[in-house]
Structures are given as structure tokens and as C-alpha cells.
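Chains as they are written, first to last, in the numbering used here: chain A, 1 to 149; chain B, 1001 to 1149; chain F, 2001 to 2149; chain R, 3001 to 3149; chain D, 4001 to 4149; chain L, 5001 to 5149; chain V, 6001 to 6149; chain Z, 7001 to 7149; chain U, 8001 to 8149; chain Y, 9001 to 9149.
Hint data in this document are derived by calculation from the structure and do not stem from the laboratory. All figures in this text were calculated on a predicted structure; none of them were measured in a lab. Cβ atoms here follow ideal geometry from the backbone N, Cα and C, with glycine treated the same way. Misleading hints may appear alongside valid ones.
Covered by chain F, according to a simulated footprint, are these stretches of chain R (three or more residues, beta-carbon under 8 Å) [claimed, not checked]:
id: 1; segment: 3021-3030
id: 2; segment: 3038-3047
id: 3; segment: 3053-3066
id: 4; segment: 3075-3083
id: 5; segment: 3099-3113
id: 6; segment: 3118-3131
If you want the building blocks of each chain, they are given just below.
There are 10 protein chains.
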Amino acid sequence: MIQSRDEVTKIICSTKVAKGIKWSDVAHKLELSKEWTTAACLGQMALTKEQATIVGEVFSLSDEAIAWLQIAPYKGSLPTAVPTDPLIYRWYELVNVYGTTIKELIHEEFGDGIMSAIDFSMDIQREPDPKGDRVNVVLSGKFLPYKTY
Amino acid sequence: MIQSRDEVTKIICSTKVAKGIKWSDVAHKLELSKEWTTAACLGQMALTKEQATIVGEVFSLSDEAIAWLQIAPYKGSLPTAVPTDPLIYRWYELVNVYGTTIKELIHEEFGDGIMSAIDFSMDIQREPDPKGDRVNVVLSGKFLPYKTY
Amino acid sequence: MIQSRDEVTKIICSTKVAKGIKWSDVAHKLELSKEWTTAACLGQMALTKEQATIVGEVFSLSDEAIAWLQIAPYKGSLPTAVPTDPLIYRWYELVNVYGTTIKELIHEEFGDGIMSAIDFSMDIQREPDPKGDRVNVVLSGKFLPYKTY
Amino acid sequence: MIQSRDEVTKIICSTKVAKGIKWSDVAHKLELSKEWTTAACLGQMALTKEQATIVGEVFSLSDEAIAWLQIAPYKGSLPTAVPTDPLIYRWYELVNVYGTTIKELIHEEFGDGIMSAIDFSMDIQREPDPKGDRVNVVLSGKFLPYKTY
Amino acid sequence: MIQSRDEVTKIICSTKVAKGIKWSDVAHKLELSKEWTTAACLGQMALTKEQATIVGEVFSLSDEAIAWLQIAPYKGSLPTAVPTDPLIYRWYELVNVYGTTIKELIHEEFGDGIMSAIDFSMDIQREPDPKGDRVNVVLSGKFLPYKTY
Amino acid sequence: MIQSRDEVTKIICSTKVAKGIKWSDVAHKLELSKEWTTAACLGQMALTKEQATIVGEVFSLSDEAIAWLQIAPYKGSLPTAVPTDPLIYRWYELVNVYGTTIKELIHEEFGDGIMSAIDFSMDIQREPDPKGDRVNVVLSGKFLPYKTY
Amino acid sequence: MIQSRDEVTKIICSTKVAKGIKWSDVAHKLELSKEWTTAACLGQMALTKEQATIVGEVFSLSDEAIAWLQIAPYKGSLPTAVPTDPLIYRWYELVNVYGTTIKELIHEEFGDGIMSAIDFSMDIQREPDPKGDRVNVVLSGKFLPYKTY
Amino acid sequence: MIQSRDEVTKIICSTKVAKGIKWSDVAHKLELSKEWTTAACLGQMALTKEQATIVGEVFSLSDEAIAWLQIAPYKGSLPTAVPTDPLIYRWYELVNVYGTTIKELIHEEFGDGIMSAIDFSMDIQREPDPKGDRVNVVLSGKFLPYKTY
Amino acid sequence: MIQSRDEVTKIICSTKVAKGIKWSDVAHKLELSKEWTTAACLGQMALTKEQATIVGEVFSLSDEAIAWLQIAPYKGSLPTAVPTDPLIYRWYELVNVYGTTIKELIHEEFGDGIMSAIDFSMDIQREPDPKGDRVNVVLSGKFLPYKTY
Amino acid sequence: MIQSRDEVTKIICSTKVAKGIKWSDVAHKLELSKEWTTAACLGQMALTKEQATIVGEVFSLSDEAIAWLQIAPYKGSLPTAVPTDPLIYRWYELVNVYGTTIKELIHEEFGDGIMSAIDFSMDIQREPDPKGDRVNVVLSGKFLPYKTY
């Protein structure tokens, strides 16, 4: 019996390694971005029945696992508050070094409020560069203002 | 006697509030992006003598404070490992929810390595949207591969 | 020179004690709810120029302090991640004991998404009860759905 | 052999996913609120023999599991002190941002004491709104005063 | 200007050392228990105007300090989550070693609920004993049951 | 093969639930207090051979489990440094709120030293009260003075 | 006004450096061990009036500081839970590496109980050794058994 | 397949309980101190092939387990940074209370450097005492000076 | 089914102990440094198909395990933020004691930037010394400057 | 009055910035390595009277500050257990990623023991490289074996 979404994520990951599946191919089948698709397969998003069925076919999942994919998961993909993996740590470092900068500039432009992490999308692209290719990431989040009441 | 860069940052911030200075104006004077400029004024970057002199004029800094601006600072702008401010927390949340997604997709495209947080730039823009304006952020970091030796 | 919003908050609090000011009276002058007013005075909200001027009169603040009130503050009002004060801890306990319950029921009603803590209001009232009066709190937050992209 | 309430909770959750049971239906069978019912099923409340029997039928539990439902559980539903799940984090953020506000206003109205988290009830409702539906939550807790002795 | 109750506590403590005042004498003047009196003087309880005036006379406090004594304080008297002082640690150890025991026995006698830490009193006495005197502590807290709703 | 006392504790707890055994009945068979008995069964005390044999009969333990009961255990019954369970948390709160009070009063009466948590006993009783029954707990610990050397 | 024992410790330490005083000389004047004397001067022990007066003369302390020396201090001399200083860390490492060994051997010899850290003495000596002198430390603590009740 | 030294430690411990083996008897067979022997059996030391064979006979270990005993282990025997077990905590408390004292006295006698925790030995003995037997522990560590370079 | 790289690491480690394989021999077969090879086998580096096949032969790995070796792993080899193992702790201590020194000297020589931990190599050698052999470690990392933008 | 070595370090650092002193020049005057010299000036090493006098002249220190330089300091130069500064973090990352590798290779070459962080030296050099200069660091620490006793 499957007792958590986490178990489904592990099945997906080990099947991916064993079969050599690529996230971009899964995204292509779902007709969605590779970013949302990967997050969903890694247990961070709930899927519709149709999406879950497609993912289930790709990774040969049981009906029970497909049912779990449709449940809103307990989110958070990192095992420690400060991530130890160098790639992910660089992002944590960006938040730590540039956090107050981001805060100041958004407030200067928009006033008090936040950039939503829910009404949000992300796009990761390779930018060829003769001095070494670059990773370009575009983040887009709706601005939500604090209001008086 | 000024004993740390942190003191200079506090002087800059209180002068900014008292005089109503905008980061984008400081950036304009430095002829640099508003992102780098703000990070530098908030104590995360070392400035050249010329840059420090300009910033010193804007914020009426003493020679000693201007000297501190040219020293590579002890970086990190947040008082706690998990930030409490809602705007900055949303970014921490992105790292937590999307961290493994970013890792997977960069590895799928580039192989093992990282996206540099040093050879890096950031651009924050307002994107008008009838359903509510959006914050668009473009991050660009050089890919650094792990190599055998 | 005032170096942070936190200093303004301390001035407000000590003046409040010395003069015996009530939050509800401040709210009345601002023509806003006592909940938003108190949060603003305790350093969690940015005020408009008009609001800041009124608060400045009530608490005899300097122009510099009034300027700080109009800056979006670094939010978070608690000195420790798990609060030690019994009244505030009870709220932390509610999140700890009922957290997964709230999550399940909001997802059951709305699907995957969150209840906003930004587009949000709170109303605290005394409810007379012969067995001992009760504290009634109404929280209202906009539902923000996760979407595919 | 079942060694903790936590195991019963996992069985309930996986059965719920597999059978597509709704919390509000369970609450209906118990003739209790959906909030208490969900908290109880998620391992935060002790049930009476009658309640446990009904829940046992709904989720096809063994006699041993039904016995565990009647034991006062070790409460606390979150895996980390600061929750990583965005929905639950928003509640933690409310405590962090509004914690001192809540404290001030309850003390202003009632004097020193707390709002009970034991003699307590919660009601979560959807409020239709043309700008986007809202989550309305009513919390009601008895005020308990500190007394001299 | 006094900016927090904590400052008043420090004034009380240093005056106590300088003048050689005893807590039991303060309690005698307040006609209250030495336990409540000490907790109040150490910044954990709010005092009435009359109580604050008496304490103010004993410790030669300013009017401003006396005003602070009447405000419900931010409670919690320990600088670290796990106390380092050996006397206080022994109490933390009791909670750690006997915590589940206390929980089991209260539940066995009363059912699910808690022993209140608000509607609560404590009495500390010396018990002469030829093998070495003992510290006897009587704790009395109202039982608060969890109820269904 | 049983690899830790913790496994024995889990067997005792699950047998207790399955058979509906009461701690006070176990204590009666051991002719010891219910407090010590419960702590011992929950893995916090070492038992003599005779005591372990009686407990073994009550909970149908194997010889190996009975042998483990006679080993001095690695003590500490709580999964986190700050307990999440509301009942146990109230005790942690008492240490946090009253910790310095207890320290001051024991020092005022006895001088520098501690109240032993080893040469210690505890007695938990229900005190009937028309306003709601109370939990009365008597703690008795030998005073151990610090000495010069 | 001196507000804590910690301030007295800092005065003692800075006077010691300025005047080049040795702990062993202070101990000689007190006619006590250098270990107890140093711990007392570093704020970990309460002194009698006579002892405090002698220490006050050695370090030119004010009457107020001498009064503070006679108060039982809030003990614990380290700024972090895991010490960063290499000399002190080696002792933490001994507890970490040998902790279970010490536990096993004391229990094998004495049964369940502890070695007291209160009824305790320590003696640190240099042991000449041709391969490099050694630090020899003798710790002596009374065994305190757990008893049934 | 045995995957860590930790598994071997658990086998040794459970066999010790089941067979009633004493550490001092194992030490006698190894012709080494009971302190080193216990630490080695508890997974803190690497054994030679001869030593591992003897330990393997005493505890009926497999060849694979005996091979693991000869590998330098990942050391550290405690599950938490601050130990919860009262006996081991007393040692942590000694480091916390006397840490700066030990540091001062070693520096006063030897200059800057440390007492080695590697070139180190420990001897635990029972000292009979009419007021209650004492645990005497002798620690001996080589002094290692910091040098300029 | 193998669910993580960590499982492969455990298989490699237990096979290494059982068969008595040396890391330097594995490195020799891979024609790479022993440092990179060990890090890769311990789950910190991704291997090419050819490298993974060779490692698979040495440690008798399944095809699935060999596939896992080619995936960029979640890096970080330590179970706690501050390592408890004395050998590894000494390295953490070096970072703690010399961290600001390293920072100052690299900035003095190169300006603001970092020494890469990705474009990096390490070489560990034994240096014979009559006073006791030494461990010599050469670290080489590319300097990456912060730039304005 | 100077109350800690930390104050001396801050005076040295602010004088260094104000006067534009270089660590390598200080080292030249002391006729010692720039690594040891910087660590000593940053409060991690004790200086001899002669060394302290020279450093005192360079940084215009008072006699009291020069006296503090000769005291063995409480070592540890980082404000948090996991450093936030990117340059220093890269070193923490090396310990985290390569920690078990270093451990394995030192044990393979030397047996069980550690590389000393006391009998230790470090040399940091710039290595010109057409693809970008490199930071080369040579660490040399005496091997200290664990021995039986």
C-alpha cells in the first residue's frame, strides 16, 4: 500500500534512471513546460486525472500511484533548511546575498507587497556563449500588494 | 571609528530614508545596473575607488566609510537561515519547492556542474498585465562543469 | 540618526506605555481596523504619508521616524522561530496541531493552492460567554490556485 | 502489530486516496464538524469508542487500529519547526507577522492571559468573491486569565 | 526612555543585589505567594497598579518603570531553548525523562486534555531530611479537556 | 533480535493498547508508584530481575525483552528539543516562564546548588474542584549544594 | 549600575590581562584549588562574603561587583552549544566519542545512576613526558543511584 | 549484507544483553583497558585483525562483521548535539560550566595549544567513600602547542 | 529497485570492506586521481558510462546501480552540519579558525571573488618526517571574480 | 577598558582599512608567513611579547591592546555554524562534499587517526593560468594516530 506521495516520487525517479527517460520528453507528452512537469513529477504539484494518467503510462505506475499524483502534496523538496548540494546551494546563496536587494527594488517599483510564488512560472534555457555557455532563468510572479483594512 | 562594513550599510540606509534617495538614481550615477548597485550599497559587493567616491557623495559618507566600501565584505544579507520577511521568504520557498527541479533540468541540459552565483547577473522588471502586474526576473549565470582529474 | 524601523517600533512602544495610549484609539484616528493599525505600529506594515503623519502626532515622532514608517519594513515580529510567549505559542501550537487539517480542508474545497497571507484581513472580537468570555478571530484570505504553465 | 498512532494515520490517508473518500463525508457520518473530524483522522485527537468504530468502518481499519484511535495521541502534525509546505507556511507567517499584534489586542481587551488552544474550535468556509473566492476561517478560543496566588 | 520590560527586570535585579532585598520580603509586602511575586519581578507577569506601586517603592523604580510593570510582558525567561544553567536544566531533564510518563498518567486519569500552565500555581518548600534536606514543589493546574465540536 | 530498549518500549505500548492494560494496575503488581512504573515501562528506568519478570508477564515479553529491561537505558523520552505535544509543552512552558523564578527561590532558601533529578520522586493526583478538577503534582528532589574544594 | 554577573566576569578578565594576574595566585590567596577559583572568577560559582572580598581586592572591584560575586550565577560559560574553540572542542569531542563508553562502564560498576557534576572536583596537572608533556586531569564525582519509589 | 559499522555495534550490543557479557571481561581477553575496549566495541575505534577476531569470537560475529571492525569508523556516539541522557549530559554540563576554566588553566601552565583527544587515555575507577562511593576518572592527553610558521 | 544514489554508495562501501578493495586500485583502473575516484564512489560525482562500467566491475554492481552512477547526485557527504567525526571535524575547525584569514589573503591577492569548489582539484600525499609523518594536501581552485554589470 | 580580544581585532581591522595596511607587509615585519600573521591579527593566535609589540606599532595599539594580543584567544572566526560568505562557504562545501573522501584516503594511507589542525601550516599562492589564474593552497598537518591503551 502506498502511504505517501514521497513513495511515488521515488518510484518515478528510479524508473527514470532505469529506463533513461528525459523530463523534456515527459513535458512534451503533457504539452506543458518542462519546469512545471519536473516539479510535478518530483512531488511538488498536484496533477489532473488526465495528466496523472499520462505520467502513469510513462513511468508504468499503478492505479494507486496515479491516484496519489492527483492529491495536493506536502511541498518542500529539500532535506535540510540550508541545502548541501552545490547547485541548489548557489540558489540559496543568491537569496542570501541578493535577498535584501530584491526586496528593495521590488518595493521601489511596486510599493509594499510580494512577488507571488504561487501565481508564478519559471523558464530555464541554455544561452550559448563563447566564454562558456550560460544558464538563463526567467522567473515571473504576480505582484501582490499589502492593503489596509 | 567605523569597525565594519555593516555600519556603513546602516548609514547608507538611514540617509536614504532621510533624504528620500532612490536606488535607480544611484545606479544611474554609477552607470551600472540597479541590481548590482543596490547589492553594493547594501554591503554585498566591493566597489572601486571611483564607484565608492560617487556613492560617498550621494550618501554624504566620510572618507573612512568610503574606504570600507572598497573592501571585499563578509557577504550574506539575512539575519536568519530561513528568512522571516514574506517577500524574501517567497524566494526561499522557490528554492525549497523548485530546488530539485532546477537541479534536474540544468543537469539534463548541461550535465553535472553548477550555475555560477559569482559570474552572474540579475535583471528585475515590471511586466504590465491586466490581471495584475507581474515581477519578471532574469537570472543569468555561467555554467561551471565538474571535471575529472 | 535612526538606523532601522525597529528603533521606531521601540519608540512607539515606550511612548505608548508612558502615555497610556490604546491601539483602538490610534486605529480610530487612522479610520482603519485596530488589527492593521497595531501591526503597522509594531513595524509590520508600510504607511502612507498621511497615515504616518497621524501616527507621528499620536506618538510625538520625529520627521525621520515618520519617514521610516513609510518604508516597507523587514517583516517578522518574533525573536525565535518557535515563540516562547504563551499567548503567541498557542497560535504556533494551532498551526502545529491543525496545520495538516487546514491544508486538507482547503484542498478539498478549492483544490491545490494557498490561502493568501498578503490579500488578507483579520478581525479579533470578544464574545461574551457565561462559562467565560471567548476570543473570536475571523481570518479572511484570498485563495490563490497553483496553475500549470 | 501497530506500534503508534502514526501508523494508523498513514493507513487512513492511503485508504482515503485509494477509495476517494472525502473528509466532509466522514464528518457527516460522525455528526461532527469537518475540522475536528479531519484533525482526529490525522492523529491529533482521541476518539470515543463509538466515533472510532465509525471511522474504522469508513476506512476498513482492524480492531487494533480502532483501539489506537481511542488513545490520546502525541500531537503535532508537522515534520519541521518551520513548515516547508507553502499553504501551512502562510499560517506560520501570519503568526510571525501578526503574532505581537494579536498579543497586544487580546491584552488590550482582556488583560494578561491567553486564548485557549484546547477549549477551542475552528470553522473553515469558502466565501464567494468576484475578485477571486476567499478562505474564511473563524477561530474561537476561551480566554484564560493569569491570576495572582 | 525605557524601551522594554526586560530593562525593568534588570533594574530590579541589580537593585536587589545592591540592597540585599529578599524575594520573600517583597511577597510579604504584596501579600502574595513568593512564587508569583518572583515571577512577576523577573518579568513574567503583569501587575495591577497597586502591586506595581509597591514593587516600585521596594526597588526605587521610576514612574515609567512602574508603568511597564502593568503591561502584559513578552514571556519566556531563558536565553536558550535547552537551558545551560544546571539548576534549571534539571527541570528540563525532568520534562525530557518524565514527559511521556506525565502525559500517560494524566490521560489515564482525566482523558485527553492538558494541565493548564495559566490557571496554575506553584509552591516551593524546604523539607528537612536527616539524609540531606529536600526541595518539595507542589504544582497545581486546572485540567482542560479537549472536546468535540 | 532486539537491538535497543526502544523496541521493547514499542512492544509494551502496542500491547497496552491492544489489551487495554492500565499503568496503575502494572504499578500495583510491582508494588511501586504509578509514576516510577510508567517511566520504567516507557524506557526511562532500569528494572531489577524481579521487576522485569513481572512486567514481562503483564506484557507477554520474550526473555530477550526482559533482559533489555534490566539494562540502564539511554534516557530521554521526547523526539524534539522543544516538545510539540500540547500537554508536554505546557511543562516545557513552565520551565521557560518559571525557570528563573525556581532558580531564585531555591537559591534564596538553600544557597547555590541544585534540586536533584536523580534522588527524586513525583506524585500525580486528581484534586476535585467545583470549578473544574485540577491536576496536582508533588515533586521532591534532594538539594545538592555546590562546595568549594 | 552592574546588571549581571557577566559584567563582573568581564571586569575581572580585563583587569587580569592589564595587571598580569595569575589564577594560581588568586587561588593561593583564597586557600582553595586553582580549578574552583578560576571557575568562580569566570562566573560559574557563588562566593562567600570572605571569598568575594579577597577576590575584590585582587581585581580592585567595587562593592557592587563584590555583592554580585555572592549571588548564585546563571551558569554556562560557552557562547554556542557546540564550542568552536579547539581546546574546549576537544572536550566536547571526548563526550561525543566516549560518551556511551563512560555510560556503559559506570553502569557496569555502579548500576543505573549518574556521576554528579555538583558534588564534584577537578584537578589539572602537567605530567612531564620525554615524548611531550601531558595534561592530566582527575575528575571526581559522587555516584548518585536512581531508586524506585 | 552489512552496510555500516553501526550495524555491527547494534549486533554487539544486543548479543551483550542476551548473553550477559561484561565489558571488563572482553577487555581482559584483549589484554587492553576496559575504556578502550568498550569504545572500540561501541564503534568508536578501529581494531587490528587479531583484536577483531577475539571480539568476533566473544560476540559470535560473522566474517563480514569482523572485517568492518578493522575499518576506521565514522566516530561520534551520540544521537543529538546536546545529549539527553542524564549521565552523559552531566559530562556535557562539565564542559559547559568548566570549559573556560579548563582553557584558562591549561593556557596558564602550557601556553597556547590544546590537550589532545587522540593521543589520549582514560581510566574510570570506583573510589569507596563512607558518604557514598565516588566515580574517579583520570584523563591524560598530550599537550600540542600552536607554533608560528 | 534502487531508489537513490545513496543505496549504491552503501553497496560499494560494504563490498569494499568484504573484498578488501583499495581506493587507489580503483583509481588506477579508472586512470584518474584517487581523490576524484573516491569522491565519485562515495556518491559525490557523476561518472561517464565507461567509468561507471569499470566501477561496476570492481564492485560487482547491477546494471541499475551502474545507471545510477551516471546521474548527477544530490551532493553532501556528512550527516550533520557540524561533523562529529574527529578527522573531518579538524577540517571544519580549519574553516572556522582560518576562514577569515583565507578570505583576507585571497582578496588581498586577487580582489573580490571566490576560489572555485567546482573547477577544483585536490591531492593528498604522505610526507615522511622524522618527528612524525605529515599529511600534505594541495588544493587548487580557479579564482572567479565578482564583476559589475 | 578592553574587555575581549574581539575588541582588539576590530581595532586592527578598522585601522587596516583607514591606513590601507596590507597583511603581507605585517607578515614581513614579523618575519613570519602571511597566513599565520593574518590569523593572529584576526584574533585566532596568541603572540609573543615581541610579536605583539611589532603588531602594536603597525596598528597604533594601546598597551592594554598589546597585552590582550599575548593571551590565548577564544578561537573561531565565523558568526554562524554554516558560513554565509560565498568565499568561506566554498571551503565549507569542500568539507561537506569531500569530507568522507579525505577521511577514507588518510585512513587508507595512515590507518586510524587524524591530520592535526594544531601542528599545522598553510600556504596560499596565486598560480598563473591562461584559462584564469588559480588559487593554490598547501595544507600540511602532522598525522596523529589513535593508539590502544
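These are the hints, each one checked on the structure:
Look at the segment 3021-3030 of chain R against chain F: 3 of its residues bring a Cβ nearer than 8 Å to a Cβ of that chain, three or more, so the hint holds. Using a Cβ-Cβ cut-off of 8 Å, 4 residues of the segment 3038-3047 of chain R lie near chain F, which meets the minimum of three, so the contact claim holds. Counting residues of the segment 3053-3066 of chain R whose CB lies closer than 8 Å to any CB of chain F gives 0, so the stated coverage by that chain is violated, three being the minimum. A stretch counts as covered by a chain when three or more of its residues have a beta carbon under 8 Å from one of that chain; for the segment 3075-3083 of chain R and chain F the count is 7, and the coverage holds.
Closer than 8 Å: that is the beta-carbon criterion, and the segment 3099-3113 of chain R has 13 residues meeting it against chain F, so the requirement of 3 holds. Counting residues of the segment 3118-3131 of chain R whose C-beta sits closer than 8 Å to any C-beta of chain F gives 7, which meets the bar of three, so the coverage hint holds.
In summary, the one numbered hint that this structure violates is 3.
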